[in-house]
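Novice: What follows is the residue order along each chain.
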Amino acid sequence: MTVAKSLETTALCKHFGSFKALDDCSLRIHAGSFHALLGENGAGKSTFVKCVIGYQTATRGDVLLDGKRVEFSSPKQAHAAGIGMVYQRFTVVEQMSVAENLVLARDDVPKVIDWKKELRELEAFMDGVPFRLPLRAEVHSLAAGQKQKLEILKQLYLKRSLLFLDEPTSVLTPNEADEVLGLLHAMTQRGELTVLLITHKFRELQQFGDHVSVLRRGMLTGSAKLADVDMKTISSWMIGDERPRSPAPRKALTEKPARLVIDKLAADDDLGVPAVRELTMKVAPGEIVGVAGVSGNGQKELVEVIAGQRLRTGGAIHVGDRDYEPTRKFMRELRISIIPEVPLDNASVAGMSLSENLALRSFDEPPICAGGTFIARKSLRERAGMLSQRFGVRAPSLDAPMRALSGGNVQRAVLARELSREPEVLVVQNPCFGLDMAASAEIRAKLVDARNRGAAVLLLSEDLDELLELSDRLCVMFHGTVVYEGKPGDTPISKIGELMAGGAH
Amino acid sequence: MSELGLWGIPLAMLGGAIRVSTPYLFVSLGEMITEKSGRINLGLEGVLLIGAVVGFAASIATGSPWLGVLAAGCSGAVLGVLHSYLCSREGVSDIAVGIAIMLFGMGLAFYLGKPYVQPEAPQLPSIELGAFSSDPRVREALRVNGLFFIGLALVPFLSWFMKSTAWGLRLRVVGESAEAARALGYSVEGTRMVACATGAFLGGVGGSFLSLYYPGVWSEGLSSGQGLMAVALVIFARWRPAYCLLASLVYGAAGSLGPALQSAGIEVSHHLLGAAPAALTLSIMIATCSRKVALRGAPRELTFGA
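One line per chain: the protein sequences are A and B, in this order. Using the numbering used here, the first residue of the first sequence is number 3, and each one after it goes up by one. Using the numbering used here, the first residue of the second sequence is number 176, and each one after it goes up by one.
Among these hints, one or two may not hold up.
Pair by pair, the computed Cβ-Cβ distance ranges are [what the hints assert, rightly or not]:
id	chain 1	residue 1	chain 2	residue 2	range
1	B	A341	A	E471	46 to 54 Å
2	A	E280	B	A454	36 to 44 Å
3	A	A406	B	I270	22 to 30 Å
4	A	V351	B	I441	51 to 59 Å
5	B	I274	A	G387	40 to 48 Å
6	B	E364	A	F365	36 to 44 Å
No lab work stands behind these hints: they were computed from the structure. Positions of the beta carbon are idealized from the N, C-alpha and C atoms, including for glycine.
I would like the entire structure built from these sequences, with the hints used as guidance.
Specialist: So, in structure tokens, the structure goes:
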């Protein structure tokens, strides 16, 4: 059993040159509290944590643990003091077993590991925690929720008394998230643990938090007991006076025959295991069909089949009355646009310039390439300038390589390229992943615009709120197939969450 | 011939397999260790040759072939450290550095080897497992070099090492996920450096076998691409020590097919048979690799590019 620790920072600063990633941040986290730290992307949340646990050295300021001044020069020292960290992405090793991952995490891994003894001790440890994981299973065979539980289990195994959690639920279903956070919440209430939860989900804050602090542009804009503030105040701390755009107006739907028909589609993943199974979906013009699902349930493979990056093993795709072929010619004629996830890797050439990337769909046709052989650089640049302006792409210059752009601007550039063709079919995956609220709202509005113009939009997303906001119809994808279809709002979120986790249909 | 008949062929192949497979075994185990850490070393051809010439020279200088083996391993390790250091620089490709190391190692070995083309060095001892037989060919086939037994012992040792020691786990973590390794507080580059040096040490030992046992002299054509083929061998051994042994033996058998047939009096072009290991590499690669399916067992950090 451990005893929760308190943490306090006084005037903590982290400057990179003239840029202040963290500025005079004085924060007090009481022992045994469940403290939520909110803020937009780039507000300094990660910097704060990194400075405390010694990943980075603070420019100025002190850290006090249980009232005593500490200075960690590496995360190892922080670990030794009982501070643990759970990251947004898993840090478990996929190709190793649960037992190996647990033993590895220790600071005193024995030189030679006596597996009989270790397994016996781990079994005993498992008896004392609220959930079990199969010790011998390799981690890649576990579901996302189980992997996150393993991260938490690891921290409990290491007897941490202060835990930083960096958006730990971004890959979990709402139900899994509740289970994992609920467990930690119970421990804080018993005084065994202090939790600092970095999140942007108000739901988690309301359900589990007792204190809340907000960072904005590196500064602490507010910190209070949750009971003393309302959500509106917290929200204003977060976004300041920038008003997020209200959802774009939607035109009413008129019934039309489906434009994109996916019929019993099947495809394998990289290991040759079926990832998409007998998947059937229809999208009509002027409709957004949202596809919810925990990542790794075949969404990536589905998008890759449509983009022509992966061969299908069965089934068919039709666009209108034609059999779909993922060729440049077909996609141009039928105006099919695709915005896959991680567009820097999947939809652009990182080393080529912004203007060239904007022309990837059009460089071989007039006006850029009038004769079919030579490219008119001037016309390519003019078009790129026009598109960048229209879609608000901010880049050092039109000739800057794509990889020099920020995530939001890469997303805008790919969006500009794909939407400028006035697509009739638009396939989009996780369009706002990692973007802040303002950028997300802007991109969502563009998708609704495309829909209003009559595009058939297939939107795959891991963000349920986004899907509920945008979709005309909502599907849930599990294990490579559609397990639910309905109108958003027809079914409670908890039920959708259950379906995403493969629960009762 | 009359006594054994055509049985002479598999017997000679067995003897040849053990003999020819020994350098493959060491180089592939070494490359396996290197690749487990998420780094690829294509320079093993150069390491092999450096090992051969240094082992040969040290054996002459000290009169002890085993000191020659040790010196060969150390010279390989030096090249391994150099490879790892260059690869750890930002924006450097493992492949390009590997090829540079290969060419550098070859050139250096040829340069150092000039005075050693003629002399003979004290050779590694062998163990007579065929002492029971009066047939000279049985005895010849079962005369097994001492280094092979060391390689044989390394196979279960490495399997155990990867599973049951802190260093083994650390090596695997670094190879599977550098990010996880950093989060656990391990030095990724440091671990790769040690893995690379150890891997190249074994590569150098494999090289010493060529000049100190079979064929047992120093010449520039000694390695004939064995260092490069070992890289392919590790891929279809799926990064497992036991499979490395198996694959090395299959290679050895393919390599000794020509001499075996010849000893049985069957005439086939020896150039054609000399290509057997290469043909085997190609056919196994074609049979086991797929455009649609990623390699199973491959360390995730292993990049074949920059």
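Novice: Look at each hint and say if it fits the structure.
Specialist: Hints and how they fare:
no., hint, in the structure
1, B:A341 / A:E471: 46 to 54 Å, "holds, 49 Å"
2, A:E280 / B:A454: 36 to 44 Å, "holds, 42 Å"
3, A:A406 / B:I270: 22 to 30 Å, "holds, 25 Å"
4, A:V351 / B:I441: 51 to 59 Å, "holds, 56 Å"
5, B:I274 / A:G387: 40 to 48 Å, "holds, 42 Å"
6, B:E364 / A:F365: 36 to 44 Å, "holds, 41 Å"
Violated hints for the displayed structure: none, as all numbered hints are satisfied.
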